[in-house]
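Chemist: Sequence:
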Amino acid sequence: MDSNAALRAEFHALSLSISRQKLLLNEMQARLKNLQAQLDSVVYPVLTLPPEIISEIFVHCLPDKRKLDVVNPDEAPLLLMHVCSPWRQIAIATPQLWSTFEFTGTKKSFNIVDIAETWFNRASKRELSVKLHGALVGTTDLARFLPILQRHTQEMRSLEISLHWAQLTLIDSPLDCVRLQKVTIEVLGGAPGNSPLMFANVSLLREVSLGGLPISCVALPWSRITKFTGARFRIAECLEALRAMPNLMECAFATTWNALDAVALSHQHIQHLTLFRSEAGAEEADCPQLLGFVTLPALKALVVGGVFDFEDALDSFLSRSAVQLQKLIVHPPGHDHRPVKLRLSDPFFALGLVELQIYGPNKDFVADLLDLLAEDANKLPRLQGLFFRGCESRNAAGALLEKAAIPITKRRHLTGCTQLQSFHVVSKTDAELFTSTSHLENLAPYRKLKESGMDIYIGTEDASDV
Numbered sequence: 080m081d082s083n084a085a086l087r088a089e090f091h092a093l094s095l096s097i098s099r100q101k102l103l104l105n106e107m108q109a110r111l112k113n114l115q116a117q118l119d120s121v122v123y124p125v126l127t128l129p130p131e132i133i134s135e136i137f138v139h140c141l142p143d144k145r146k147l148d149v150v151n152p153d154e155a156p157l158l159l160m161h162v163c164s165p166w167r168q169i170a171i172a173t174p175q176l177w178s179t180f181e182f183t184g185t186k187k188s189f190n191i192v193d194i195a196e197t198w199f200n201r202a203s204k205r206e207l208s209v210k211l212h213g214a215l216v217g218t219t220d221l222a223r224f225l226p227i228l229q230r231h232t233q234e235m236r237s238l239e240i241s242l243h244w245a246q247l248t249l250i251d252s253p254l255d256c257v258r259l260q261k262v263t264i265e266v267l268g269g270a271p272g273n274s275p276l277m278f279a280n281v282s283l284l285r286e287v288s289l290g291g292l293p294i295s296c297v298a299l300p301w302s303r304i305t306k307f308t309g310a311r312f313r314i315a316e317c318l319e320a321l322r323a324m325p326n327l328m329e330c331a332f333a334t335t336w337n338a339l340d341a342v343a344l345s346h347q348h349i350q351h352l353t354l355f356r357s358e359a360g361a362e363e364a365d366c367p368q369l370l371g372f373v374t375l376p377a378l379k380a381l382v383v384g385g386v387f388d389f390e391d392a393l394d395s396f397l398s399r400s401a402v403q404l405q406k407l408i409v410h411p412p413g414h415d416h417r418p419v420k421l422r423l424s425d426p427f428f429a430l431g432l433v434e435l436q437i438y439g440p441n442k443d444f445v446a447d448l449l450d451l452l453a454e455d456a457n458k459l460p461r462l463q464g465l466f467f468r469g470c471e472s473r474n475a476a477g478a479l480l481e482k483a484a485i486p487i488t489k490r491r492h493l494t495g496c497t498q499l500q501s502f503h504v505v506s507k508t509d510a511e512l513f514t515s516t517s518h519l520e521n522l523a524p525y526r527k528l529k530e531s532g533m534d535i536y537i538g539t540e541d542a543s544d545v
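Using this note's numbering, the letters of the sequence shown map in sequence onto residues 80 to 545.
Take these hints with a grain of salt, some might be off.
As the list claims (entries may be wrong) - Below, simulated DSS-like cross-link-like pairs (lysine-lysine); rule was C-alpha separation at most 25 Å, straight line:
(1) 210 x 112
(2) 420 x 527
(3) 458 x 489
(4) 204 x 144
(5) 379 x 306
(6) 507 x 458
(7) 529 x 489
(8) 529 x 406
(9) 482 x 527
(10) 112 x 144
(11) 144 x 101
It should be emphasised that the hints constitute simulated quantities derived from the structure, not laboratory data.
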């Protein structure tokens, strides 16, 4: 009997406890309902804005560079559509949010056909920027996608395609691109064939970039092009491109050393030339050798990047093409830590350079250059800016600064030439390492130059110590 009584007592106590908890739960639910009612009555300032203002805010939420492609729920515009129903409607009704279509194909790709149809329709005939990268989702889906793309080519302002050549050949009719201003085509694999890609009504097109295929593989009004980039081009293909574009003003090439059938030329309008190293063709890169085949009397800026052993080609080129050259930038391959130096020759010193930038400079070369500039106003007489970037270490930057202080000060006050206005030394080393006593002593003459009005920057890309 005692045992039964104990069980009944425990049962009764537990029942009372449950009743109390239910009562507390009811009270909390009532409080929650009351709080929700109060929250519902709160007027959020953003919700009082007119849809037009919210729409403009949405446009500024678009990422400058996407992590994946447009099919990313963590970025605008898809992110904005998941906040609330009014925002979803505003986003759908804002064509600017849908004017860029960037799709990167993977083995687990979303359905590009449905996505593109929805995206282009929401853009409502606005100018489009279209980017297609990778293998997409296979030939079948690509063949279904292309008719959708072709229906909207007249809205395209910019088109960027990186595909296998076999996929590019599926574009078997001319793309009618009346608004097109810029086109980029890169072949990811396969040998380009004889049937060129066709474009129609591209009177506004001025900028073209090709990777892995010569200009003969793309039918365009080449004579109108003013800006061109060619990656993985043979020397002869570069020269073919230059001949086909007499109005070209700015160009960039990543070349491979193959000068068979290369015939030198003179181009009268090119003002900016960049020679760079394409990662895809790095093992065969020999960009500066193009300089041996061209004469560019109107050239104002030259960038030589990603290579070494170009002094002979550069000297020969400068003697023919440096009449108007104002800016020279030289930097080594990213994987190579050999210091960069130039040949201090008569053609070099006769240049009318206003700006000279060298990445990863050789400290002895810098010392020789500055000593000559400090003593002779006829060497680079128009020079206003000297920029040495990418110094590998604190010691390298410190040694350069120690040798540069006196000649830079002399050149600053030298008569008979343009006054030096800017001097920068930028190191890869973290800023906190630039705190030694010797480094601070090296900075003293540069502080005086800065106080005199000279543009002095010494430090890392993030901060200057002066």
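Chemist: Run through the hints listed earlier and report the numbers of any the structure violates, in increasing order.
Modeler: 1, 2, 6, 10, 11
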